[in-house]
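Please build the complex by placing chains B, C and D on the supplied structure of chain A, with the hints as guidance.
Number of protein chains: 4
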Amino acid sequence: MQNVIDNIYQQVKCQVHNGNVARYIPELAKIDPDKLGIALKTIDGVLYVAGDANESFSIQSISKVFATSLVFSVIGDDLWRRVGKEPSGSSFNSLVQLEYENGIPRNPLINAGAIVVADMMIDILANPEKDFLSFIRRLAGDQNIHFDEKVKNSEKDTGFRNVALANFMKSFGNIHNHVDDVLDIYFMMCSVSMSCTQLANAFLFFANHGMIPATHEKILTISQTKRLNALMQTCGFYDEAGEFTFRVGLPGKSGVGGGIVAILPKQYSVAVWSPGLNGKGNSESGMLLLELLTTKTGTSIF
Amino acid sequence: MQNVIDNIYQQVKCQVHNGNVARYIPELAKIDPDKLGIALKTIDGVLYVAGDANESFSIQSISKVFATSLVFSVIGDDLWRRVGKEPSGSSFNSLVQLEYENGIPRNPLINAGAIVVADMMIDILANPEKDFLSFIRRLAGDQNIHFDEKVKNSEKDTGFRNVALANFMKSFGNIHNHVDDVLDIYFMMCSVSMSCTQLANAFLFFANHGMIPATHEKILTISQTKRLNALMQTCGFYDEAGEFTFRVGLPGKSGVGGGIVAILPKQYSVAVWSPGLNGKGNSESGMLLLELLTTKTGTSIF
Amino acid sequence: MQNVIDNIYQQVKCQVHNGNVARYIPELAKIDPDKLGIALKTIDGVLYVAGDANESFSIQSISKVFATSLVFSVIGDDLWRRVGKEPSGSSFNSLVQLEYENGIPRNPLINAGAIVVADMMIDILANPEKDFLSFIRRLAGDQNIHFDEKVKNSEKDTGFRNVALANFMKSFGNIHNHVDDVLDIYFMMCSVSMSCTQLANAFLFFANHGMIPATHEKILTISQTKRLNALMQTCGFYDEAGEFTFRVGLPGKSGVGGGIVAILPKQYSVAVWSPGLNGKGNSESGMLLLELLTTKTGTSIF
Amino acid sequence: MQNVIDNIYQQVKCQVHNGNVARYIPELAKIDPDKLGIALKTIDGVLYVAGDANESFSIQSISKVFATSLVFSVIGDDLWRRVGKEPSGSSFNSLVQLEYENGIPRNPLINAGAIVVADMMIDILANPEKDFLSFIRRLAGDQNIHFDEKVKNSEKDTGFRNVALANFMKSFGNIHNHVDDVLDIYFMMCSVSMSCTQLANAFLFFANHGMIPATHEKILTISQTKRLNALMQTCGFYDEAGEFTFRVGLPGKSGVGGGIVAILPKQYSVAVWSPGLNGKGNSESGMLLLELLTTKTGTSIF
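Chains as they are written, first to last, in the numbering used here: chain A, 3 to 304; chain B, 3 to 304; chain C, 3 to 304; chain D, 3 to 304.
For reference, chain A alone in the conformation it holds in the complex (with noise of 0.2 angstroms):
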């Protein structure tokens, strides 16, 4: 395995980069586009790690799939209520679906689903920001995750969009605290850094049945790991959810600082990192690398 993975980067990593930094986010703008990694874990313990695996980047809407999991160990089912499971189809109806939905959205892996759960967050947790980030820490075995204040803030300065999503959706009811608070807690959500190493760590329990491997914990059912994975299946990848499964074949979850991560039930994590975004907001390069990944393994869960 290390072997394809040596050979993937390889691969990879002589490609011209065609992909742009996300530059809506100031502070993202500022990343080397050159950069590089994969880290690949078994649910055996093995991991496998090939460039800049080890170098921390902004998760981005990856930490949705945090706050959705830690909600969802909570409240179980009631996560529901607020939010459904179903893909949006695309981005640019969002508003019309929140509209028309009476502001349900349509899962919680898009902007205004994680809102939602950010809001729940603090209705369930005694302190939500740190009750977080021990949460992430505990799935990757590794205390050394932070988020990063000045993200954080640049997000919040630019992010007007989420306030009208936040707002539209408190004018449905569905929206229970203060906006600035929730929003407080989505952007620190967004901001938190981790490297693909750290990534592949904390999402191996959804490749174990809801267990961390390591340590033998349980944070969800076998139901429930079940239902995440489908849902990062048909909705973790923006208004790319069917390429990426056509390409990939793989449960995953992106974000616009340029990382992604999937899993293989039964098998393995993994976690790529490559600024460069396509024009659907996925990595250009990270989506490049896990096709290849899939392909030399034979690996998919189709």
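Among the clues, some could well be false.
Put simply, identical chains are the same to the list, so a pair is met inside one copy or across any two.
Here are the simulated DMTMM-like cross-link-like pairs (lysine to aspartate or glutamate), alpha carbons at most 20 angstroms apart as the crow flies [unchecked claim]:
(1) Lys132 <-> Glu57
(2) Lys282 <-> Glu103
(3) Lys282 <-> Glu101
(4) Lys132 <-> Asp150
(5) Lys298 <-> Asp8
(6) Lys37 <-> Glu293
(7) Lys32 <-> Asp54
(8) Lys282 <-> Asp133
(9) Lys37 <-> Glu57
No wet-lab data here; the hints were simulated from the structure.
All of these numbers come straight from a predicted model, not from anything done at the bench.
Structure of chains B, C and D alone, referenced to chain A:
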């Protein structure tokens, strides 16, 4: 396995049926709502059945998978020039999306997409109707498969929305042949009658890397098969792809005739039939059968 | 007044024409773009003309006002059960609105609304085609008004979007007759040919409380006339009702053949013609003629 | 005229009130629903009143006309660079239109448009709040006009949808100042209290070519006045512009406080007040008063 099949059949058979038979197609409204059948076929060739597994019913939208497979096998990736691969989000905005996306349907498993596929069939097949039936018969290894003229006419007389879709796409230049000819093929496709056993046989190649196990005939490449499986996973269940993925965890396709087919890669295909539909247009008892099957056998792609 | 008419005609005639002749209907694309005509008729019976005022052209959507008047005069307020009275906002969402508003078009002056009106004509008229022409001839006091078979066929061959609209409304039950029959009437309406003089004559009753000045024949009640004038004001200019109201300040209706008719209540009706259209589908020079007319004469309803 | 005013007042007073007082703004929900007033002022300076004509109420959206007039008088046609002049069709798609039209609201008389106008006020006025009140006082010739701090705070606490709109437009770059500052001005505008008499006085310049009759002060040019009158005609009544134009036939503007102001060019302005609203948000009895007025006096622009 026969034990499991018998058990879940009995369990569902005893339940009160809540779904409603599709009424908008008059011929379908006449079906006995108490019908219930299941057929599972392994790639090793073993068949397990229960209930009305050998009774023919109208496959309706399940035919979209056959049509897409046939065209895909002939023209390859050119298919995706005129039809997308992404979930459509929600039925409600199909026309909006068509308008904004210049007449390119979201995927070939929704009505608009299948109408484009029917248009392609006219372009590439000598005799679309005959060739389509031959293709299905070949997949199922069964010559006794036909379309139901009454159902076809019933759909033609009431399918105004499909006529609207076809003309709308024609106005964007995405229908090449005469709308009447295209819809004739489309309604023919929908009105094909098959039994659960025939469907399980016909879908088995999707679980076997694109090759029909019985005849070793290659229908699609491994990569193409993975693509269509992924498409079924994300787009096969109308506005309930997420829910189905949650509850069943297998790629598949449903039809308003009450049939559902699903596959577990490298293991089996399974077809169920029960005419009562839930609010989203999927067979109520059929989904329950499949959910019980994957739960009891612990099989799921996630 | 003849002075004013001559002056503004000369002024516009000398300008460079920027608009484009409608190309999507092949027959209309053949028209000489330099045509320019104006005819103004006072309720006292005085006629002022300039340029190509007596040359026939395709009235296109102006016919929607005639059809609405005819049906309104026969069935009164029952008309509004199947078609609304509000502006449609923007052309882009016509299909969205139809979907959300259950197949009830926003008003009878957009395509969808006029198709419903055509459907009503079949219900209430012995011979819709003949009766429609008779009605226009009666309004204009001129037997020499016909429809153009070539234009009608040209529209039929390319009017896929109208076929889509009709079938879509049929799926909601808001078209009672066969779609083909309804569209036959609709395309006939659009293909009527009239000159500016004939149009000014035919619209004069709208400026005269619903009575044809020349014959004292009552077509609509005072209240009904006010209603249709109001409808023309808010809905008569596609996506440019506001702009037209700003610049001209008179109720009216335009067509893609390049004609525009407007009225000043209690004073006059005026028709202009110039085939070059602006980006919104209204006659570029026609609007300019009317703007100059109302500016120079200080006449406007505002 | 006083006779007519008295008659129609009595007639409407005796009717059962069907409308509902606006509940979504808590302060407005406390208003006595039986209030009914009317004030009509001719450009010759004669005032006719009946009922609660001199009692102040919250003018709400009527303030949008004042704000637009003030900004239009200062920056002229530059106003239209950031806000359109066309009807919005229907309230339901305001967010859709904003999204597709890059954050440019359809017109300044809908919420989104008035928020942009409030943003412009901050740019061009030394003291927006004070200057806005001064402007209204000047128009009305009455220093005793104020805004209601309680209503303003009540709107601020519940106006999540307006916060959403403002942030959404900010994300498109069409709000230049801090959203909080802009909304502060916006909510202040909405919470101005005026009586029917004050409103009739303040709107009289719209009926008099842009000049205040009492002071001969020129507020807008003839052309600008025509433009705003046209805008009120097509966009002044939420989703009921067509119906109002039908029934009343005068340009005007309504507010959810139950007030409506309308003008007959060259003749009069008229203000009515009754807090019960119909399903579209317009005063039920107010519309009836105006309909009776124009019917009995035979006055209408059509």
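Results for each hint:
Proximity of Lys132 to Glu57 under the C-alpha cut-off of 20 angstroms is found in neither arrangement, the shortest distances being 23 angstroms within a copy and 55 angstroms between copies. Taking the closest pair of Cα atoms, Lys282 and Glu103 come within 20 angstroms of each other only across two copies (15 angstroms); inside a single copy the shortest separation is 25 angstroms, beyond that limit. Taking CA atoms no more than 20 angstroms apart as the test, Lys282 paired with Glu101 passes between copies only; the shortest distance there is 18 angstroms, against 24 angstroms inside one copy. In the homo-oligomer, the alpha carbons of Lys132 and Asp150 lie at most 20 angstroms apart inside one protomer (14 angstroms), although the nearest pairing across protomers, at 43 angstroms, exceeds that limit.
Taking identical chains as interchangeable, the C-alpha atoms of Lys298 and Asp8 lie at most 20 angstroms apart only when both belong to the same chain, with a minimum of 12 angstroms there against 40 angstroms between chains. In this assembly of identical chains, the alpha carbons of Lys37 and Glu293 lie at most 20 angstroms apart only when taken from the same copy (18 angstroms versus 43 angstroms across copies). Taking identical chains as interchangeable, the C-alpha atoms of Lys32 and Asp54 lie at most 20 angstroms apart only when both belong to the same chain, with a minimum of 17 angstroms there against 64 angstroms between chains. In the homo-oligomer, the alpha carbons of Lys282 and Asp133 never lie at most 20 angstroms apart, since the shortest distance is 32 angstroms inside one protomer and 38 angstroms across protomers.
When the C-alpha separation of Lys37 and Glu57 is checked against a cutoff of 20 angstroms, the pair qualifies only within one copy, where the shortest distance is 9 angstroms, while the shortest distance between copies is 59 angstroms.
Against the hints set out earlier in the document, violations occur for numbers 1 and 8.
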